[in-house]
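Quick mapping for you: the protein sequence lines, in order, are chains A and B.
In terms of this note's numbering, the first sequence has 153 at position 153, counting the first letter as 1, and numbering is strictly consecutive.
In terms of this note's numbering, the second sequence has 12 at position 12, counting the first letter as 1, and numbering is strictly consecutive.
Just so you know, the hints here were simulated from the structure itself, not pulled from any lab data.
The reader is advised that the hints may include incorrect statements.
No copy labels: a pair is met if it fits in one copy or bridges any two.
In silico EDC-like cross-links for lysine to aspartate or glutamate, where the CA-CA straight-line distance does not exceed 20 Å [stated by the list, open to error]:
| # | residue 1 | residue 2 |
| --- | --- | --- |
| 1 | LYS51 | GLU4 |
| 2 | LYS51 | GLU104 |
| 3 | LYS139 | ASP105 |
| 4 | LYS139 | GLU104 |
Predicted, not measured: the structure shown is a model, and the values here were computed from it.
Protein chains: 2
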Amino acid sequence: MRAEYINPFIASLKNTFRTMLGCEARRSDISLKPDGRATYSVSGVVGLSGKAVGTVVLSLSEQVALKAASTMLLTEATRINDDVLDAVGELTNMVAGGAKAQLEDLDLMASLPNVITGLNHEIHFPSNVTPICISFDTKWGKLTLEVGMAPVPQHAAV
Amino acid sequence: MRAEYINPFIASLKNTFRTMLGCEARRSDISLKPDGRATYSVSGVVGLSGKAVGTVVLSLSEQVALKAASTMLLTEATRINDDVLDAVGELTNMVAGGAKAQLEDLDLMASLPNVITGLNHEIHFPSNVTPICISFDTKWGKLTLEVGMAPVPQHAAV
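Construct the entire structure; sequences and hints are all you get.
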């Protein structure tokens, strides 16, 4: 995955959190993900396809998911329910959407957002794809954004 | 989701298992998925986008995942490792690929295959999408295929 493709995702996450949630997200770390373990217990997943294929994973602690959803829903969410899961999916969709708008040359389309729960869930990428994992700090706690992309044979390398 | 869109996925799963694994998969049940719990502990996930957006989830018990991977890898797999996860992802990709070839009018493209593990993981769809869950019996055990699709605003209803 070419490094310049990661910046639109970082910018989109910061912008989505600022504009949708009134919440500054500060990048704290960036790494090649060493294994498949989701960093937190609620993960929004959006698939991308076009001149490249990829996956965007937004992983939140339960606390960050509840705070973000409460802000989006304009009502206090105190447990993970369908509304909170929809809000996390929508947030992931917005992060992916903002990034793909910046990556015009890849002609990306987003799939449905799915949300994975379960304390010890792991989201594995194909072993020939090395996802980049970016950690952020917010006033509500930490979160991670993980992006893995691969070229499709008939198009230019990603 | 229009009912006629599910048959290509059922046919593709049967065909993929027969041709790639030498394994007959018999459909045992079909239902609208009542909640987000993955039926089994290893789930391959592929996103679809085009004139519709969707997700395909192939959920296998550890035993079925190991038997399927052993057949694909031509070597006995005894535990879930990266090779087994890649095989499950590739199997999910083939099921999705076979179905999208039959759904030409939707111009679908597949994202990267991801594989989710964790005994109690749940894969949630957006609450306005009702996935269809199809159960299959094989000589190795049971598995489920789950497909959820939704129209995209600028195209015809799915």
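Hint check:
1. Taking the shortest Cα distances, LYS51 and GLU4 sit within 20 Å of each other inside one copy (16 Å), while across copies they are farther apart (29 Å).
2. When the C-alpha separation of LYS51 and GLU104 is checked against a cutoff of 20 Å, the pair qualifies both within a copy, at 10 Å, and between copies, at 19 Å.
3. Neither within a single protomer nor between protomers do LYS139 and ASP105 lie at most 20 Å apart by alpha-carbon distance, with minima of 35 Å and 46 Å respectively.
4. In this assembly of identical chains, the alpha carbons of LYS139 and GLU104 never lie at most 20 Å apart, being 32 Å within a copy and 47 Å across copies at closest.
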